[in-house]
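**Student:** Sequence:
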Amino acid sequence: MIILAPEDIVSSIKLENDSFNKSNRLCFESERQSILKNHSEAITSLKQALELNQNNSTALHLLGTIMNEQKSSECINFYEKCLELNDRSYLTYNGLGNFYLKTNDFKKAEDCYTKAIEINPKRSAKIYKNRAYLREQQNKNSDAKDDLKNYLKYFPKAPDRGVIEQTIHEL
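Just so you know, we're using the working numbering here: the sequence shown kicks off at 2 and counts up by one.
Certain hints may be false.
Derived DSS-like pairs: lysine-lysine, alpha-carbon spacing no greater than 27 Å straight-line [as the list claims (entries may be wrong)]:
{"id": "1", "residue 1": "K38", "residue 2": "K48"}
{"id": "2", "residue 1": "K141", "residue 2": "K109"}
{"id": "3", "residue 1": "K158", "residue 2": "K127"}
{"id": "4", "residue 1": "K127", "residue 2": "K82"}
{"id": "5", "residue 1": "K127", "residue 2": "K72"}
{"id": "6", "residue 1": "K109", "residue 2": "K146"}
{"id": "7", "residue 1": "K72", "residue 2": "K103"}
{"id": "8", "residue 1": "K127", "residue 2": "K154"}
{"id": "9", "residue 1": "K72", "residue 2": "K116"}
{"id": "10", "residue 1": "K127", "residue 2": "K108"}
No lab work stands behind these hints: they were computed from the structure. Quantities reported herein were computed from a predicted structural model and do not represent experimental measurements.
The task is simple: from the sequences and hints, build the whole structure.
**Tutor:** Given below as C-alpha coordinates:
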(Lines of atoms letter the chains of each structure in order from A and count residues from 1; the text may use other names and numbers.)
(Lines give C-alpha, C1' and ligand atoms only; values in the text may rest on other atoms or scores of the structure.)
Protein backbone atom coordinates (compact mmCIF):
# COMPACT_ATOMS: atom_id res chain seq x y z
CA MET A 1 0.00 0.00 0.00
CA ILE A 2 1.27 3.46 -0.89
CA ILE A 3 0.14 6.47 1.12
CA LEU A 4 0.54 9.98 -0.25
CA ALA A 5 0.10 12.42 2.59
CA PRO A 6 1.93 15.14 4.50
CA GLU A 7 4.64 13.85 6.83
CA ASP A 8 2.71 14.70 10.01
CA ILE A 9 -0.25 12.57 8.89
CA VAL A 10 1.95 9.65 7.86
CA SER A 11 3.73 9.72 11.24
CA SER A 12 0.40 9.75 13.11
CA ILE A 13 -0.75 6.71 11.13
CA LYS A 14 2.42 4.89 12.14
CA LEU A 15 1.93 5.88 15.79
CA GLU A 16 -1.62 4.55 15.78
CA ASN A 17 -0.40 1.30 14.28
CA ASP A 18 2.40 1.13 16.84
CA SER A 19 -0.14 1.62 19.65
CA PHE A 20 -2.28 -1.15 18.20
CA ASN A 21 0.68 -3.52 17.92
CA LYS A 22 2.01 -2.66 21.38
CA SER A 23 -1.46 -3.20 22.85
CA ASN A 24 -1.57 -6.67 21.28
CA ARG A 25 1.96 -7.47 22.50
CA LEU A 26 0.88 -6.57 26.02
CA CYS A 27 -1.94 -9.12 25.70
CA PHE A 28 0.62 -11.83 24.88
CA GLU A 29 2.72 -10.69 27.82
CA SER A 30 -0.31 -10.89 30.11
CA GLU A 31 -1.00 -14.46 29.00
CA ARG A 32 2.58 -15.39 29.85
CA GLN A 33 2.19 -13.76 33.27
CA SER A 34 -1.09 -15.63 33.83
CA ILE A 35 0.57 -18.95 33.03
CA LEU A 36 3.27 -18.08 35.57
CA LYS A 37 0.50 -17.25 38.10
CA ASN A 38 1.61 -13.61 38.21
CA HIS A 39 -1.95 -12.31 38.07
CA SER A 40 -1.24 -8.77 39.24
CA GLU A 41 1.38 -8.36 36.48
CA ALA A 42 -1.05 -9.82 33.95
CA ILE A 43 -3.73 -7.35 35.02
CA THR A 44 -1.25 -4.47 34.78
CA SER A 45 -0.28 -5.51 31.24
CA LEU A 46 -3.91 -5.71 30.18
CA LYS A 47 -4.76 -2.33 31.65
CA GLN A 48 -1.79 -0.85 29.78
CA ALA A 49 -3.03 -2.56 26.60
CA LEU A 50 -6.41 -0.91 27.06
CA GLU A 51 -4.81 2.48 27.67
CA LEU A 52 -3.13 2.13 24.27
CA ASN A 53 -6.21 0.74 22.53
CA GLN A 54 -9.50 0.89 24.42
CA ASN A 55 -11.10 -1.18 21.63
CA ASN A 56 -8.80 -4.17 22.12
CA SER A 57 -11.39 -6.91 22.55
CA THR A 58 -8.68 -9.47 23.34
CA ALA A 59 -7.49 -7.41 26.31
CA LEU A 60 -11.07 -7.04 27.54
CA HIS A 61 -11.68 -10.78 27.21
CA LEU A 62 -8.46 -11.69 29.02
CA LEU A 63 -9.15 -9.20 31.81
CA GLY A 64 -12.64 -10.67 32.15
CA THR A 65 -11.13 -14.14 32.37
CA ILE A 66 -8.73 -13.16 35.15
CA MET A 67 -11.54 -11.46 37.09
CA ASN A 68 -13.70 -14.57 36.56
CA GLU A 69 -10.93 -16.80 37.94
CA GLN A 70 -10.85 -14.52 40.99
CA LYS A 71 -14.63 -14.94 41.33
CA SER A 72 -15.12 -11.21 40.82
CA SER A 73 -18.39 -9.99 39.31
CA GLU A 74 -16.24 -7.29 37.69
CA CYS A 75 -15.63 -9.87 34.94
CA ILE A 76 -19.14 -9.20 33.64
CA ASN A 77 -18.25 -5.62 32.67
CA PHE A 78 -15.12 -6.68 30.80
CA TYR A 79 -16.89 -9.52 29.01
CA GLU A 80 -19.80 -7.27 28.02
CA LYS A 81 -17.46 -4.56 26.68
CA CYS A 82 -15.63 -7.25 24.71
CA LEU A 83 -18.91 -8.47 23.21
CA GLU A 84 -19.86 -4.91 22.23
CA LEU A 85 -16.71 -4.88 20.10
CA ASN A 86 -16.81 -8.50 18.96
CA ASP A 87 -20.16 -10.22 19.30
CA ARG A 88 -18.74 -13.37 17.64
CA SER A 89 -16.37 -14.20 20.49
CA TYR A 90 -17.62 -17.61 21.55
CA LEU A 91 -14.89 -17.81 24.19
CA THR A 92 -16.23 -14.63 25.81
CA TYR A 93 -19.77 -16.02 25.88
CA ASN A 94 -18.31 -19.19 27.40
CA GLY A 95 -16.47 -17.21 30.09
CA LEU A 96 -19.60 -15.26 30.92
CA GLY A 97 -21.57 -18.51 31.04
CA ASN A 98 -18.99 -20.00 33.41
CA PHE A 99 -19.34 -17.03 35.75
CA TYR A 100 -23.13 -17.29 35.76
CA LEU A 101 -22.89 -21.06 36.33
CA LYS A 102 -20.64 -20.48 39.37
CA THR A 103 -23.16 -18.00 40.76
CA ASN A 104 -26.09 -20.38 40.08
CA ASP A 105 -27.74 -18.03 37.58
CA PHE A 106 -28.66 -20.94 35.33
CA LYS A 107 -30.85 -18.99 32.91
CA LYS A 108 -28.10 -16.49 32.06
CA ALA A 109 -25.49 -19.26 31.95
CA GLU A 110 -27.61 -21.29 29.54
CA ASP A 111 -28.19 -18.25 27.31
CA CYS A 112 -24.45 -17.55 27.16
CA TYR A 113 -23.51 -21.16 26.47
CA THR A 114 -26.18 -21.38 23.78
CA LYS A 115 -24.81 -18.27 22.07
CA ALA A 116 -21.25 -19.66 22.23
CA ILE A 117 -22.41 -22.92 20.66
CA GLU A 118 -24.35 -21.08 17.93
CA ILE A 119 -21.20 -19.14 17.02
CA ASN A 120 -18.85 -22.12 16.95
CA PRO A 121 -20.50 -25.51 17.54
CA LYS A 122 -17.51 -27.64 16.56
CA ARG A 123 -15.12 -25.93 18.99
CA SER A 124 -17.59 -25.98 21.87
CA ALA A 125 -17.36 -29.54 23.22
CA LYS A 126 -16.76 -28.54 26.83
CA ILE A 127 -19.43 -25.87 26.56
CA TYR A 128 -21.95 -28.59 25.70
CA LYS A 129 -20.89 -30.42 28.86
CA ASN A 130 -21.35 -27.32 31.03
CA ARG A 131 -24.73 -26.60 29.50
CA ALA A 132 -25.73 -30.24 30.05
CA TYR A 133 -24.88 -29.90 33.74
CA LEU A 134 -27.01 -26.81 34.25
CA ARG A 135 -29.85 -28.26 32.19
CA GLU A 136 -29.78 -31.38 34.34
CA GLN A 137 -29.95 -29.15 37.43
CA GLN A 138 -33.11 -27.61 35.97
CA ASN A 139 -34.63 -31.05 35.19
CA LYS A 140 -34.29 -30.48 31.44
CA ASN A 141 -33.03 -34.03 31.10
CA SER A 142 -33.75 -34.51 27.40
CA ASP A 143 -31.82 -31.34 26.53
CA ALA A 144 -29.01 -32.35 28.90
CA LYS A 145 -28.80 -35.75 27.22
CA ASP A 146 -28.53 -34.12 23.77
CA ASP A 147 -25.77 -31.84 25.03
CA LEU A 148 -23.81 -34.77 26.44
CA LYS A 149 -24.11 -36.59 23.12
CA ASN A 150 -22.76 -33.51 21.35
CA TYR A 151 -19.95 -33.28 23.91
CA LEU A 152 -18.85 -36.80 22.97
CA LYS A 153 -19.37 -36.13 19.27
CA TYR A 154 -17.00 -33.16 19.30
CA PHE A 155 -14.63 -34.60 21.94
CA PRO A 156 -14.55 -38.33 21.09
CA LYS A 157 -11.44 -38.97 23.19
CA ALA A 158 -12.84 -37.26 26.27
CA PRO A 159 -11.15 -38.68 29.37
CA ASP A 160 -14.53 -38.86 31.12
CA ARG A 161 -16.23 -40.66 28.22
CA GLY A 162 -17.33 -43.65 30.33
CA VAL A 163 -18.94 -41.47 33.00
CA ILE A 164 -20.66 -39.36 30.33
CA GLU A 165 -22.01 -42.45 28.54
CA GLN A 166 -23.37 -43.75 31.85
CA THR A 167 -25.01 -40.38 32.54
CA ILE A 168 -26.60 -40.38 29.07
CA HIS A 169 -27.97 -43.85 29.77
CA GLU A 170 -29.40 -42.74 33.13
CA LEU A 171 -31.04 -39.61 31.73
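**Student:** Each hint should be assessed against the structure and marked as holding or not.
**Tutor:** Hint-by-hint comparison with the structure:
no.: 1; hint: K38 - K48; in the structure: 17 Å, holds
no.: 2; hint: K141 - K109; in the structure: 15 Å, holds
no.: 3; hint: K158 - K127; in the structure: 12 Å, holds
no.: 4; hint: K127 - K82; in the structure: 24 Å, holds
no.: 5; hint: K127 - K72; in the structure: 20 Å, holds
no.: 6; hint: K109 - K146; in the structure: 20 Å, holds
no.: 7; hint: K72 - K103; in the structure: 8 Å, holds
no.: 8; hint: K127 - K154; in the structure: 11 Å, holds
no.: 9; hint: K72 - K116; in the structure: 22 Å, holds
no.: 10; hint: K127 - K108; in the structure: 18 Å, holds
In summary, this structure violates none of the numbered hints.
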